[in-house]
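Undergrad: Spelled out, the chains give:
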Amino acid sequence: MTTNGSVSTLPKPLWLLAELTYRCPLQCPYCSNPLDIARYQDELSTAEWVRVFREARALGAVQLGLSGGEALVRQDLEELIAAAHALGFYTNLLTSGVGMDERRIRGFKEAGLDHIQISFQASSEELNNFIAGNDSFKHKLEMARLVKHYGYPMVLCFVLHRHNTDHVEQILDLAHALQADYVELATTQYYGWAMLNRDQLFPTREQVAHAEATAHRYQEKLKGRMKTLYVVPDYYEDRPKACMKGWGAIFLTVAPDGTALPCHAAGSLPGLSFPNVRQHDLAWIWNASPDFNRFRGFEWMKEPCRTCPEQTRDFGGCRCQAYLLTGDPANADPVCSKSPHHAALQQQVQAIGETQTGAVAPLIYRNFRNSKRQMGIAAPD
Amino acid sequence: MSAPEPIISPDTVPRLSPMFRLQWEEAQGCHVLLYPEGMVKLNGPAGEILKCCDGVRSIAQIIHDLSVRFPAAPTLPDDCRQFLKTAHDNQWLRIDPA
Chain A
64 MTTNGSVSTL
74 PKPLWLLAEL
84 TYRCPLQCPY
94 CSNPLDIARY
104 QDELSTAEWV
114 RVFREARALG
124 AVQLGLSGGE
134 ALVRQDLEEL
144 IAAAHALGFY
154 TNLLTSGVGM
164 DERRIRGFKE
174 AGLDHIQISF
184 QASSEELNNF
194 IAGNDSFKHK
204 LEMARLVKHY
214 GYPMVLCFVL
224 HRHNTDHVEQ
234 ILDLAHALQA
244 DYVELATTQY
254 YGWAMLNRDQ
264 LFPTREQVAH
274 AEATAHRYQE
284 KLKGRMKTLY
294 VVPDYYEDRP
304 KACMKGWGAI
314 FLTVAPDGTA
324 LPCHAAGSLP
334 GLSFPNVRQH
344 DLAWIWNASP
354 DFNRFRGFEW
364 MKEPCRTCPE
374 QTRDFGGCRC
384 QAYLLTGDPA
394 NADPVCSKSP
404 HHAALQQQVQ
414 AIGETQTGAV
424 APLIYRNFRN
434 SKRQMGIAAP
444 D
Chain B
20 MSAPEPIISP
30 DTVPRLSPMF
40 RLQWEEAQGC
50 HVLLYPEGMV
60 KLNGPAGEIL
70 KCCDGVRSIA
80 QIIHDLSVRF
90 PAAPTLPDDC
100 RQFLKTAHDN
110 QWLRIDPA
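First to last, the protein sequences are chains A and B.
Quick note: the first sequence, position 181, residue 244 per my numbering, numbers continuous.
Quick note: the second sequence, position 47, residue 66 per my numbering, numbers continuous.
Keep in mind the hints are simulated off the structure, nothing from the lab.
Please note that the accuracy of each hint is not assured.
[As the list claims (entries may be wrong)] Going by beta-carbon spacing under 7 Å, a handful of chain B positions derived as facing chain A:
hint: 1; residue: ALA46
hint: 2; residue: LEU53
hint: 3; residue: PRO55
hint: 4; residue: GLU56
hint: 5; residue: VAL59
[Said to hold, decoys possible] Listing some non-contacts, in silico: residues in chain A with all C-beta distances to chain B over 12 Å:
hint: 6; residue: TRP78
hint: 7; residue: ASP105
hint: 8; residue: GLN126
hint: 9; residue: VAL161
hint: 10; residue: ARG288
hint: 11; residue: ASP391
hint: 12; residue: LYS435
hint: 13; residue: MET438
Every residue gets a Cβ at the ideal spot worked out from N, C-alpha and C, and that includes glycine.
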């Protein structure tokens, strides 16, 4: 590292998101996994994952997200946690709680797991199970209690959309009753499955205003006891999010088959070569691969980003959103009011808002059958 | 009624909150505090002080120990008290009564 002065200026992948599998007992219609999950059958082995962890750690990674799909499906999860812990990672298990029991919670603790985040789909059993596409609510409650019992810091994550945004008060009451240290009211991100279901999921401006006010009230009320994070859906903003804090800046995702990506949604972008950890070491992938340099820094930008004084704050927003909404991932994220595509996005948002919930198509659930259908290789019903 | 907030006094005993993990990060060249999905980089003195917050030593003992190790730092006691207050405000520390 010290022999070449330029190396020290390269960013470090502080965050490694290990998507251990795309298998999942839940079918949430806003899942952040790609639409072609059915393609990722050939999962990395235990030894391959441990090699990825070691290479990422050597590059400076310190936060490890163990995710999926449902990471609990991997029966070697305890082994993977132990290996990551021994390397010095802070280990985060991001889970639905389905597939967990007291034996595994204890085993994870012994392996050195630092933190468990459990996702809930709603604050009521009926809505939770409707969104998740399975009967999981009571089990999640039980797992949350056990997570606290074993002394883990606990984050509860609720993905918000039209069907549960009005329940933020009940959601935060539930989280507080479960002794969550931190609640993430995650706004649905409209890529992949969520984009497919966008018209059924996107909340109204009134819903968002109410949820935001409620979240702020609880932030004050429970200050010092429970932290609440709430972010307004970016379609309602006029400046884009600093997506991934910049491309190839701090985030590195490895998909179940070893594909390395600067963000978990980037697999949908055109023109990428998708380097795989089975063919390349992570140092080459992070530092030198065309994919990780494609939108790194500011050189790739077009107007209005190229000369925009705010480029260092938001990095032009999200490449995936730019591609999905404008057809070119190098365009400004159209959430930005300086984008020539901003007016068109606002018209779309207004049109969705005028849609009656009952009049739109049913939700398309995230599962392998629907994935194959999206990939055009599905058997008929 | 909840108990009154413990006051930071020389006799009280600080320890790192179970929400945080303190470690040296070679890649960052500094001590860091790790917590769910996040990291705080600490400067040299902050790292040294937090390392002393072991749930055994009182604040007076910590200041004494650090003064012995860093005799050339005359403002160390004040700096130390001020940082401990900041760390407590940030909920990095639990402070047990004397």
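Undergrad: It remains to establish, for every hint, whether it holds in the given structure.
TA: Each hint tested on the structure:
no., hint, result
1, ALA46, "holds (3 Å)"
2, LEU53, "holds (4 Å)"
3, PRO55, "holds (4 Å)"
4, GLU56, "holds (6 Å)"
5, VAL59, "violated (12 Å)"
6, TRP78, "violated (8 Å)"
7, ASP105, "holds (29 Å)"
8, GLN126, "violated (6 Å)"
9, VAL161, "holds (20 Å)"
10, ARG288, "violated (10 Å)"
11, ASP391, "holds (31 Å)"
12, LYS435, "holds (33 Å)"
13, MET438, "holds (32 Å)"
Going through the hint list in order, the structure does not satisfy hints 5, 6, 8 and 10.
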